Amino acid sequence: MEENTPLPPSAATVKTATLESVVTDAKGRKIAFRPLGILDQARIYKAVGADNSENGPYVRLATMAASVTSIDGVPTPASPTNDREVEAAIARLGDEGFLALSLDLNAKAEAAIAAAQEAAASAKN
Numbered sequence: 567m568e569e570n571t572p573l574p575p576s577a578a579t580v581k582t583a584t585l586e587s588v589v590t591d592a593k594g595r596k597i598a599f600r601p602l603g604i605l606d607q608a609r610i611y612k613a614v615g616a617d618n619s620e621n622g623p624y625v626r627l628a629t630m631a632a633s634v635t636s637i638d639g640v641p642t643p644a645s646p647t648n649d650r651e652v653e654a655a656i657a658r659l660g661d662e663g664f665l666a667l668s669l670d671l672n673a674k675a676e677a678a679i680a681a682a683q684e685a686a687a688s689a690k691n
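In this text, residue positions in the sequence shown follow this note's numbering: the first is 567, and each later residue adds one.
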């Protein structure tokens with residue numbers, strides 16, 4: 567497949583699943599999470615509703631909570647389909663879970679920025 571050719575859903579699902587990460591929160595829970603694809607993100611906007619979809623912080627919380635695939639090996643429900651399910655996903659993750667995910671995502675972002683800067687510096691030489 568060419569790089570710009572969209573993957574069929576099954577291949578896209580497999581590719582996303584291989585990107586799963588696991589963090590341990592302050593409660594000692596092992597939280598597995600994955601990046602959300604564009605369809606998952608669209609479903610989050612639909613689930614939170616028109617009013618909440620303009621609330622950036624709430625959408626970020628909903629997106630992070632929806633990215634969780636399991637806690638202590640117990641699978642979490644699929645992407646939320648309404649605001650009640652969004653709130654349940656947020657509550658399930660809790661403060662400790664959000665902190666653990668945030669720290670992991672920030673570390674990965676910083677590493678990606680450093681790698682990009684290093685690549686740019688190497689390209690100049």
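Note that these hints are calculated values from the structure, not bench results.
All values reported here derive from a predicted model rather than from experimental measurement.
C-beta atoms are modelled at their ideal positions from N, C-alpha and C, and glycine is treated no differently.
Honestly, I wouldn't trust all of these hints.
[What the hints assert, rightly or not] Dumping the calculated EDC-like pairs for lysine to aspartate or glutamate here, alpha-carbon to alpha-carbon at most 16 Å: (1) Lys612 - Glu651; (2) Lys596 - Asp638; (3) Lys612 - Glu653; (4) Lys593 - Asp638; (5) Lys593 - Glu662; (6) Lys596 - Glu662; (7) Lys596 - Asp670; (8) Lys596 - Glu651; (9) Lys612 - Asp649; (10) Lys593 - Asp661; (11) Lys674 - Glu586; (12) Lys596 - Asp606.
[Claimed, not checked] Listed next, with one range per pair, are the computed distances between beta-carbon atoms: (13) Ser668 - Gly639: 32 to 40 Å; (14) Glu684 - Gly615: 20 to 28 Å; (15) Asp661 - Asn621: 14 to 22 Å; (16) Glu684 - Thr647: 39 to 47 Å.
Taking the hints in turn, this is what the structure says about them:
no. : hint                        : in the structure
1   : Lys612 - Glu651             : holds (12 Å)
2   : Lys596 - Asp638             : holds (5 Å)
3   : Lys612 - Glu653             : holds (14 Å)
4   : Lys593 - Asp638             : holds (11 Å)
5   : Lys593 - Glu662             : holds (7 Å)
6   : Lys596 - Glu662             : holds (11 Å)
7   : Lys596 - Asp670             : holds (13 Å)
8   : Lys596 - Glu651             : violated (21 Å)
9   : Lys612 - Asp649             : holds (9 Å)
10  : Lys593 - Asp661             : holds (10 Å)
11  : Lys674 - Glu586             : holds (13 Å)
12  : Lys596 - Asp606             : violated (22 Å)
13  : Ser668 - Gly639: 32 to 40 Å : violated (22 Å)
14  : Glu684 - Gly615: 20 to 28 Å : violated (42 Å)
15  : Asp661 - Asn621: 14 to 22 Å : holds (19 Å)
16  : Glu684 - Thr647: 39 to 47 Å : holds (42 Å)
When held up to the earlier numbered hints, the structure conflicts with 8, 12, 13, 14 and fits the remainder.
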